[in-house]
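*Asks:* Sequence:
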Amino acid sequence: MLKARHDHYPRNPRPAQPALAVTRRAFLARAATGALALTCGPSVVRAAETAAAGNERELIEAALPARAFAPPRKPRKLLIFDRNVNYGGHGSIPTANLAFELMGRKTGAFDTVVSRDSEVFRPESLRQFDAVFFNNNVGNLFTDPALRQSLVEFVYGGGGMMGVHGTSVAFTQWPGAVEDWPEFGLMLGARGANHRASEEHVFIKLDDPAHPVNQTFGGQGFDYRDEFFRVYEPYSRKRVRVLLSIDNDKTDFKQDPRFTKPERADNDFALAWVRNYGRGRTFYCTIAHNPYVFRDPKLLPFYLAAAQFILGDLPAPTIPSASLTPAIRAQEKLGWRLGIEAYTFHKFTLFEAIEKTAALGLPFMGGLSFQKVSDGIPKNFEPGLSDDELRQVRLKLDASGVRLLTYYIQDIPGDEAGCRKVFEFGRKIGIETFMAEPKPEALGTVEKFCDAYDINVALHNHDAKASPVYWQPAGILKACEGRSKRLGACADIGYWMRSGIDPIQAVRQLKERLITVQMHDLHARSADGHDVPWGTGVGNTEAFLKELHRLGIRPTMFGLEYSYNWLESMPDVAKCVAFFNQVSLRVTG
921 MLKARHDHYP
931 RNPRPAQPAL
941 AVTRRAFLAR
951 AATGALALTC
961 GPSVVRAAET
971 AAAGNERELI
981 EAALPARAFA
991 PPRKPRKLLI
1001 FDRNVNYGGH
1011 GSIPTANLAF
1021 ELMGRKTGAF
1031 DTVVSRDSEV
1041 FRPESLRQFD
1051 AVFFNNNVGN
1061 LFTDPALRQS
1071 LVEFVYGGGG
1081 MMGVHGTSVA
1091 FTQWPGAVED
1101 WPEFGLMLGA
1111 RGANHRASEE
1121 HVFIKLDDPA
1131 HPVNQTFGGQ
1141 GFDYRDEFFR
1151 VYEPYSRKRV
1161 RVLLSIDNDK
1171 TDFKQDPRFT
1181 KPERADNDFA
1191 LAWVRNYGRG
1201 RTFYCTIAHN
1211 PYVFRDPKLL
1221 PFYLAAAQFI
1231 LGDLPAPTIP
1241 SASLTPAIRA
1251 QEKLGWRLGI
1261 EAYTFHKFTL
1271 FEAIEKTAAL
1281 GLPFMGGLSF
1291 QKVSDGIPKN
1301 FEPGLSDDEL
1311 RQVRLKLDAS
1321 GVRLLTYYIQ
1331 DIPGDEAGCR
1341 KVFEFGRKIG
1351 IETFMAEPKP
1361 EALGTVEKFC
1371 DAYDINVALH
1381 NHDAKASPVY
1391 WQPAGILKAC
1401 EGRSKRLGAC
1411 ADIGYWMRSG
1421 IDPIQAVRQL
1431 KERLITVQMH
1441 DLHARSADGH
1451 DVPWGTGVGN
1461 TEAFLKELHR
1471 LGIRPTMFGL
1481 EYSYNWLESM
1491 PDVAKCVAFF
1501 NQVSLRVTG
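At position 240 of the sequence shown (counting the first as 1) the number is 1160 in the numbering used here, and the numbers step up by one without a gap.
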């Protein structure tokens, strides 16, 4: 319980309140967490299993899931951070720590390290982990700007983050939940700790019954007792993929006469969700107030699935709930992601291109190195932007519901310093794939950084004059022979058709070396062929898409690159989106 009631959500900043005295309950809870010290970089960590007394361990062990939902792609390491500031801490914290340690060990899904030392968030320490579990954290956990920058870059670049219950007011000045780091709320997906009784009885519905993280529930809602937060902005179904929420039709909201005022005008009481923040995977669930939650055989498998999602082993869709359409659902089933290539709108700024992408109803896009960021940031979107400028890009993308998947840069240097600068930029903007035309002699260095940063490089083709090595599939295959699978092709099928290359035959030749696609349909297969709405030209676009599906090829993105009628192309681009949606529905039947 977060003090009395009930309306603890971030407000406008005000002077910090004095620290509260630690209560007897809080002292006993702290004492129960015991201390077996381990060393983790500069931090001191504690073994989680010393946290529980009596038969707590036996109760947890009896409730543990038998096996992982997905085999780990590599050994996984989960950091559990359970610090509270100016608040005594929830009694469920030690139980959760132990449950996650035992669950990870039994299933082989992950190892855990528990810490309260903020130094664990230094980049050199944080990089050893695959994800961070913020376990019921209340208060301003750390204020060092370098540590906060390290955490946001860790998540945005592909790390995982989980929060439960009180974490919705982490990084606020407590008491009072005065906002101190708004971007943490964006990463998590909500703020606020408005609640009713600590064992409120609610009926829970599955908002996304077939979602992989919900699979343990077998498609069935259930009733439960716990302290359920009603969260506030930045929560929105336009931002997060809701998994669980209060079933308003079945729940008696008058069960406790102390609580009668509706907490949200829209009566949308989400309890758990997932989202992407950049490339990072985040999860939040409010069902974590009482210790019994973490020895419950119904809830522990749910938390295991969530942990495997944030760690990167359980694939799960994150397109926000409000954006889901039958076509988007079909594309999720196919593993297809349609996005705008920024070159389509390169006559505009990046921020304007983001707005146009959102207006088309698309959740993805690709970046472009020679596009100006915005009127307020009159610089190209390329390595060298400041941390604050990149923060503004992140916030613009988040506000628009758009995520960058790819990024075009003409060249990637072959020297290590130059190559690292490009890949560091790629990590900070959260992309999965570079589209570039590095010199063949640079590929040895590029390949090394691909594997180190977990970022692909897709070799882009223009025509034979501009791309003498990469213009045809045979050249790509030769350049990639014997190299990492993270090197492959960015197929610009417009240039293929202008060069006399049949796109369907080309993808059959490339097979798994095809990493991403820049889609075009042309009015003619000739050097002067220009873009037309998909399905109306000579590109045989539907057959091309179906062939990729038959081959089992799932590109990073189907990049919608419309290179014609630059300033007035939106109607034609919208026709391409509609065509892709129709094909998606036909393919899934």
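Incorrect hints may have been included.
Mimicking EDC-like on lysine to aspartate or glutamate, the simulated pairs with C-alpha atoms at most 16 Å apart in a straight line are [claimed, not checked]:
id : residue 1 : residue 2
1  : Lys1158   : Asp1031
2  : Lys1026   : Asp1100
3  : Lys1218   : Glu981
4  : Lys1368   : Glu1401
5  : Lys1170   : Glu1120
6  : Lys994    : Glu1039
7  : Lys1405   : Asp1448
8  : Lys1316   : Asp1374
9  : Lys1158   : Asp1186
10 : Lys1385   : Glu1357
11 : Lys994    : Asp1233
12 : Lys1368   : Asp1383
13 : Lys1359   : Asp1318
14 : Lys1405   : Asp1374
15 : Lys1170   : Glu1153
16 : Lys1026   : Glu1073
17 : Lys1368   : Glu1336
18 : Lys1341   : Asp1318
19 : Lys1299   : Glu1272
20 : Lys1174   : Asp1233
21 : Lys1158   : Glu1120
22 : Lys1181   : Glu1120
These aren't lab readings, by the way, just hints derived from the structure by calculation.
*Asks:* The structure should be examined with respect to each hint, and the outcome stated for every one.
*Replies:* Comparing the hints with the structure gives:
Under the criterion of a C-alpha separation no larger than 16 Å, the hint pairing Lys1158 with Asp1031 is inconsistent with the structure, at around 34 Å. With a C-alpha separation of about 38 Å, the suggested pair Lys1026 and Asp1100 falls outside the 16 Å cut-off, and the hint is violated. A threshold of 16 Å between alpha carbons decides the hint, and for Lys1218 with Glu981 the separation of about 13 Å falls inside it, so the pair holds. Among the hinted pairs, Lys1368 with Glu1401 is consistent with the structure: their alpha-carbon atoms are about 15 Å apart, no more than 16 Å.
Distance check on the hinted pair: Lys1170 and Glu1120 sit about 13 Å apart at the alpha-carbon level, within 16 Å; holds. A distance of roughly 25 Å separates the Cα atoms of Lys994 and Glu1039; the hinted pair therefore is violated under the 16 Å criterion. Restraint check: the Cα-Cα separation between Lys1405 and Asp1448 comes to about 34 Å, which exceeds 16 Å; the hinted pair is violated. At most 16 Å may separate the alpha-carbon atoms for a hinted pair to count; Lys1316 and Asp1374 exceed this at roughly 25 Å.
Among the hinted pairs, Lys1158 with Asp1186 is consistent with the structure: their alpha-carbon atoms are about 14 Å apart, no more than 16 Å. Among the hinted pairs, Lys1385 with Glu1357 is consistent with the structure: their alpha-carbon atoms are about 13 Å apart, no more than 16 Å. About 9 Å separates the Cα atoms of Lys994 and Asp1233, which keeps this hinted pair within 16 Å; it holds. Distance hint between Lys1368 and Asp1383 is unfulfilled; the C-alpha atoms sit about 28 Å from each other, more than 16 Å.
For the hint pairing Lys1359 with Asp1318, the CA-to-CA distance comes to about 35 Å; that exceeds 16 Å, so the pair is violated. For the given pair, Lys1405 sits about 11 Å from Asp1374 by alpha-carbon distance, which is consistent with the 16 Å threshold. Under the criterion of a C-alpha separation no larger than 16 Å, the hint pairing Lys1170 with Glu1153 is inconsistent with the structure, at around 25 Å. With a CA separation close to 31 Å, the supplied pair Lys1026 and Glu1073 exceeds the 16 Å bound.
With a CA separation close to 10 Å, the supplied pair Lys1368 and Glu1336 stays within the 16 Å bound. Taken as a hint, the Lys1341 and Asp1318 pair is broken in the structure, with Cα atoms around 25 Å apart against an allowance of 16 Å. The hinted pair formed by Lys1299 and Glu1272 meets the criterion: a straight-line CA distance of about 14 Å does not exceed 16 Å. A C-alpha spacing of about 42 Å is found between Lys1174 and Asp1233, which places the hinted pair above 16 Å, so the restraint is violated.
Distance restraint check for Lys1158 and Glu1120: the Cα-Cα separation of roughly 28 Å exceeds the 16 Å cut-off, and the hinted pair is therefore not satisfied. Of the pairs offered as hints, the one joining Lys1181 and Glu1120 holds, with about 15 Å between alpha carbons and a cut-off of 16 Å not exceeded.
Consistency with the previously given hints fails for numbers 1, 2, 6, 7, 8, 12, 13, 15, 16, 18, 20 and 21, ordered from lowest to highest.
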